[in-house]
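These protein sequences, in sequence, are chains A and B.
The working numbering applies: residue 1 is where the first sequence begins, and numbers increase by one.
The working numbering applies: residue 1 is where the second sequence begins, and numbers increase by one.
Source of the hints: derived by calculation from the structure; they are not laboratory data.
Among the clues, some could well be false.
Said to hold, decoys possible - The list that follows gives simulated cross-link-like pairs (lysine-lysine, PhoX-like), each with its CA atoms no further than 25 Å apart:
hint : chain 1 : residue 1 : chain 2 : residue 2
1    : A       : 6         : A       : 181
2    : A       : 92        : A       : 52
3    : A       : 6         : B       : 239
4    : B       : 92        : A       : 194
5    : B       : 6         : A       : 181
6    : B       : 78        : B       : 112
7    : B       : 112       : A       : 336
8    : B       : 92        : B       : 194
9    : A       : 6         : B       : 178
10   : B       : 22        : B       : 6
There are 2 protein chains.
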Amino acid sequence: MPELRKDPVIGRWVIIATERAKRPVDFATERDQPLPPQECPFCEGREGATPKEILALRPNGGGANGAGWTVRVVPSIKPVLRIEGEINRRAKGMYDLMAGIGAHEILVEGPKHVANAADLAVEQIHAGLHAAAARIADLEREPRFRYVLWFKNYGEVAGAGRIQHARSQLIALPIVPKRVKEELVGTRRYFEEKERCLLCDLLIQEREAGTRVVLETAHFVALCPFASRFPFELWLMPKRHACDFRAVRPEELRDLAWVFKQVLGRLKATLNDPPYNYLLHTAPFRRQRGRVGHWRTIEEDFHWHIELIPRLTRVAGFEWGSGFYINPMPPEDCAKYLREAAVAAAEPAHV
Amino acid sequence: MPELRKDPVIGRWVIIATERAKRPVDFATERDQPLPPQECPFCEGREGATPKEILALRPNGGGANGAGWTVRVVPSIKPVLRIEGEINRRAKGMYDLMAGIGAHEILVEGPKHVANAADLAVEQIHAGLHAAAARIADLEREPRFRYVLWFKNYGEVAGAGRIQHARSQLIALPIVPKRVKEELVGTRRYFEEKERCLLCDLLIQEREAGTRVVLETAHFVALCPFASRFPFELWLMPKRHACDFRAVRPEELRDLAWVFKQVLGRLKATLNDPPYNYLLHTAPFRRQRGRVGHWRTIEEDFHWHIELIPRLTRVAGFEWGSGFYINPMPPEDCAKYLREAAVAAAEPAHV
Numbered sequence: 001m002p003e004l005r006k007d008p009v010i011g012r013w014v015i016i017a018t019e020r021a022k023r024p025v026d027f028a029t030e031r032d033q034p035l036p037p038q039e040c041p042f043c044e045g046r047e048g049a050t051p052k053e054i055l056a057l058r059p060n061g062g063g064a065n066g067a068g069w070t071v072r073v074v075p076s077i078k079p080v081l082r083i084e085g086e087i088n089r090r091a092k093g094m095y096d097l098m099a100g101i102g103a104h105e106i107l108v109e110g111p112k113h114v115a116n117a118a119d120l121a122v123e124q125i126h127a128g129l130h131a132a133a134a135r136i137a138d139l140e141r142e143p144r145f146r147y148v149l150w151f152k153n154y155g156e157v158a159g160a161g162r163i164q165h166a167r168s169q170l171i172a173l174p175i176v177p178k179r180v181k182e183e184l185v186g187t188r189r190y191f192e193e194k195e196r197c198l199l200c201d202l203l204i205q206e207r208e209a210g211t212r213v214v215l216e217t218a219h220f221v222a223l224c225p226f227a228s229r230f231p232f233e234l235w236l237m238p239k240r241h242a243c244d245f246r247a248v249r250p251e252e253l254r255d256l257a258w259v260f261k262q263v264l265g266r267l268k269a270t271l272n273d274p275p276y277n278y279l280l281h282t283a284p285f286r287r288q289r290g291r292v293g294h295w296r297t298i299e300e301d302f303h304w305h306i307e308l309i310p311r312l313t314r315v316a317g318f319e320w321g322s323g324f325y326i327n328p329m330p331p332e333d334c335a336k337y338l339r340e341a342a343v344a345a346a347e348p349a350h351v
Numbered sequence: 001m002p003e004l005r006k007d008p009v010i011g012r013w014v015i016i017a018t019e020r021a022k023r024p025v026d027f028a029t030e031r032d033q034p035l036p037p038q039e040c041p042f043c044e045g046r047e048g049a050t051p052k053e054i055l056a057l058r059p060n061g062g063g064a065n066g067a068g069w070t071v072r073v074v075p076s077i078k079p080v081l082r083i084e085g086e087i088n089r090r091a092k093g094m095y096d097l098m099a100g101i102g103a104h105e106i107l108v109e110g111p112k113h114v115a116n117a118a119d120l121a122v123e124q125i126h127a128g129l130h131a132a133a134a135r136i137a138d139l140e141r142e143p144r145f146r147y148v149l150w151f152k153n154y155g156e157v158a159g160a161g162r163i164q165h166a167r168s169q170l171i172a173l174p175i176v177p178k179r180v181k182e183e184l185v186g187t188r189r190y191f192e193e194k195e196r197c198l199l200c201d202l203l204i205q206e207r208e209a210g211t212r213v214v215l216e217t218a219h220f221v222a223l224c225p226f227a228s229r230f231p232f233e234l235w236l237m238p239k240r241h242a243c244d245f246r247a248v249r250p251e252e253l254r255d256l257a258w259v260f261k262q263v264l265g266r267l268k269a270t271l272n273d274p275p276y277n278y279l280l281h282t283a284p285f286r287r288q289r290g291r292v293g294h295w296r297t298i299e300e301d302f303h304w305h306i307e308l309i310p311r312l313t314r315v316a317g318f319e320w321g322s323g324f325y326i327n328p329m330p331p332e333d334c335a336k337y338l339r340e341a342a343v344a345a346a347e348p349a350h351v
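Please construct the entire structure, taking both the sequences and the accompanying hints into account.
So this is what it looks like as structure tokens:
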């Protein structure tokens, strides 16, 4: 059973995967050779190669775990957390730990063997977003879970592993990750002083300046953040204030699919198909809704968004240990390159 | 002039290197081909290939910027911060920024073309530690600086670049990095409750348990931390409570050199010469010494140490964005491997 352990100095939780015992030499020799396409477990027609599906969209019908789907969510075959068991929060001397309880799901973004979601049709991307929102809403029903990480690793450097089939992942956790807590604290502090959302204010300022904005649609802004850690780092931000991705409206989700298609396509064209990661930043589960003034009230002050990072630069020693980064390219330059790299794609219906 | 910019949500400072303009294609094609040894600017006899030295140890005499040194510190030829100019703290709308003022120095750890410090003699490592302590003490005299990062990148993956000559780096900053602040807050909170140092308590518990201890000398303990983010992550911790590395005593520095030799040698043997990073965690400059009860009083509560991370695993998307890590190997297993991998090296005189 994996363990969740807490760093006693800075309070960061870590999954320690106690059962995946490795010898040191396994790390030294490990290379991610791509799996041949005919062995891909995520292609249509090979549904038996994965655990039984949790969710699938079959607009033209068809039975579970067979062909005919557009998007399919399955349990991870190598889950980092276990769904069954007691959380068993406890101390070990001065340390805090709990059982590694959670869920780990793979969201397969299309039936064809396409590696980069940049090459999927907007409607296909839209189906993937729809499935992600549905899975997050469903995972919230489990009372042991406090947060779900929805993220994507594309390319070997970004941690995609051996299978070159577009997919994202969902990891439901019994804790709120450190970085999410920091964002909640930062936006809460701002709200207490201003009675306004920090990221709403930031959006107004960025749209006025324009220098870091990559594109804007009816419902979203894609921009390179002012204090970007990495070249071509991007935030995809909804214009409408909402703390929770699951509150997204159908017209916003369609719009977001087009934004993803544009942004991923422009990164691919501008940076020669770079590896990348993205991660949803959204409000935790189990918050106490509507209790204004309570420290857990985050409806007004948090603003969900997606953080996207192409993996172009090496991360050096002091960046790991200090939380302090060097970015060799100003976000204003990155945004300019991406503004000029528009990709042909069907416009969202409402623009 | 580079800029220091602050993330408005979580307060993290980033260096934006505005002058190193790159085209996107430079990131896509960049590879670090090793420089031929005869072109190494850090070898004895090629002193003219670096900027003029800041410090050099020449136990047998000899003139500045000539041969005969054991350790040599020079300014970086590609500094990420500039030493001259006003800090010019200012706002830009809701954002905070300042000029990229600081120092960036390279500490060459020996005159011979040896890549991994694991292959240096203990006395050579000791000379490097001595030079690091001297440079940190000197940099503290500059009133614009608040912290110095002393770190090492070994191996291409860890950011060592093209030159395969053992060296560490010093970056003096006009701010305290986020992670250091978090450690100060965490240890301060513990001290306020217990009136004891968190890391002193941790050392007692770890030495009693023994399962995560790799080695122990008269003055130091090397251990794999309870909530390790990475396999074979290590902390090198002084047994004597001190918040500040510069307070290190001569006998401790000699001991630490032996600990480094052991730890780096054991990692090399166990993990087939892995890339690694280490970083000193020490108290900031300009603290208000002796004012007990003041929030900046960290003499009692902070405990300097060195964090060392072999770069074995890919860091995936959600780890970047969430501050939440998955470690595939328990620190107890890692410590056991490293305990059993003792390296032949002269014992410190006092053991």
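Consistency of the hints with the structure:
| no. | hint | verdict |
| --- | --- | --- |
| 1 | A:6 <-> A:181 | 14 Å, holds |
| 2 | A:92 <-> A:52 | 37 Å, violated |
| 3 | A:6 <-> B:239 | 23 Å, holds |
| 4 | B:92 <-> A:194 | 18 Å, holds |
| 5 | B:6 <-> A:181 | 18 Å, holds |
| 6 | B:78 <-> B:112 | 23 Å, holds |
| 7 | B:112 <-> A:336 | 46 Å, violated |
| 8 | B:92 <-> B:194 | 42 Å, violated |
| 9 | A:6 <-> B:178 | 19 Å, holds |
| 10 | B:22 <-> B:6 | 22 Å, holds |
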